[in-house]
Amino acid sequence: MVKRVVSVLVTALAAATLSAPAASAGQSAGCNWFAKVPTVSSTGRIVGVGGRTGCTNKINLSVEVRRVIDNWPDQTVASGTSWSFVTGSVTVYGDRQAGCHDYFTETIWEGTSTKIQSAVMRSCR
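Mapped onto mature numbering (1 follows the signal peptide of the UniProt record, and there is no 0), the consecutive letters of the sequence shown carry residue numbers -22 to -1, 1 to 103.
Certain hints may be false.
Said to hold, decoys possible - Distance ranges between label pairs, derived from CB positions:
#1 E88 to T31: 17 to 23 Å
#2 D73 to D48: 30 to 36 Å
#3 Y71 to D48: 22 to 28 Å
#4 G8 to G77: 39 to 45 Å
#5 G66 to R100: 27 to 33 Å
#6 C78 to G58: 21 to 27 Å
#7 T21 to S62: 27 to 33 Å
#8 S20 to C78: 16 to 22 Å
Note that these hints are calculated values from the structure, not bench results. Even for Gly, the Cβ is constructed at its ideal location relative to N, Cα and C.
The whole structure should be built from the sequences, with the hints applied where relevant.
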């Protein structure tokens, strides 16, 4: 439910990337998280990029591209985890589903409730 509200707000602001300041203890004040709107590669694969900048602590960071499924859990179509991650980005690749679907990127601090989601993009194959 929150994802859809966040997506509407980001779309209304015409932002390509959603970012947020650090929300948990142990992170530096300048630590910011991001989840970029998924794109489609030249080979037709879906690409998601997420990460964080200005951080100093090591975490296990996961990035997922998920397909929106109304009234059902969203489907993960690409995922990757970077262990002992400090700052930078993680890129994941996945296969698009046949038909037209909505996708978003989610950046997750493994083992906590800290995560951020991008706006939704629609892709047809």
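Against the structure, the hints:
1. E88 to T31: 17 to 23 Å: holds, 18 Å
2. D73 to D48: 30 to 36 Å: At roughly 21 Å between Cβ atoms, D48 and D73 fall outside 30 to 36 Å, so the hint is violated.
3. Y71 to D48: 22 to 28 Å: holds, 25 Å
4. G8 to G77: 39 to 45 Å: Hint holds: Cβ distance 42 Å, inside 39 to 45 Å.
5. G66 to R100: 27 to 33 Å: holds, 28 Å
6. C78 to G58: 21 to 27 Å: holds, 25 Å
7. T21 to S62: 27 to 33 Å: For S62 against T21, whose Cβ atoms are near 30 Å apart, the range 27 to 33 Å holds.
8. S20 to C78: 16 to 22 Å: holds, 20 Å
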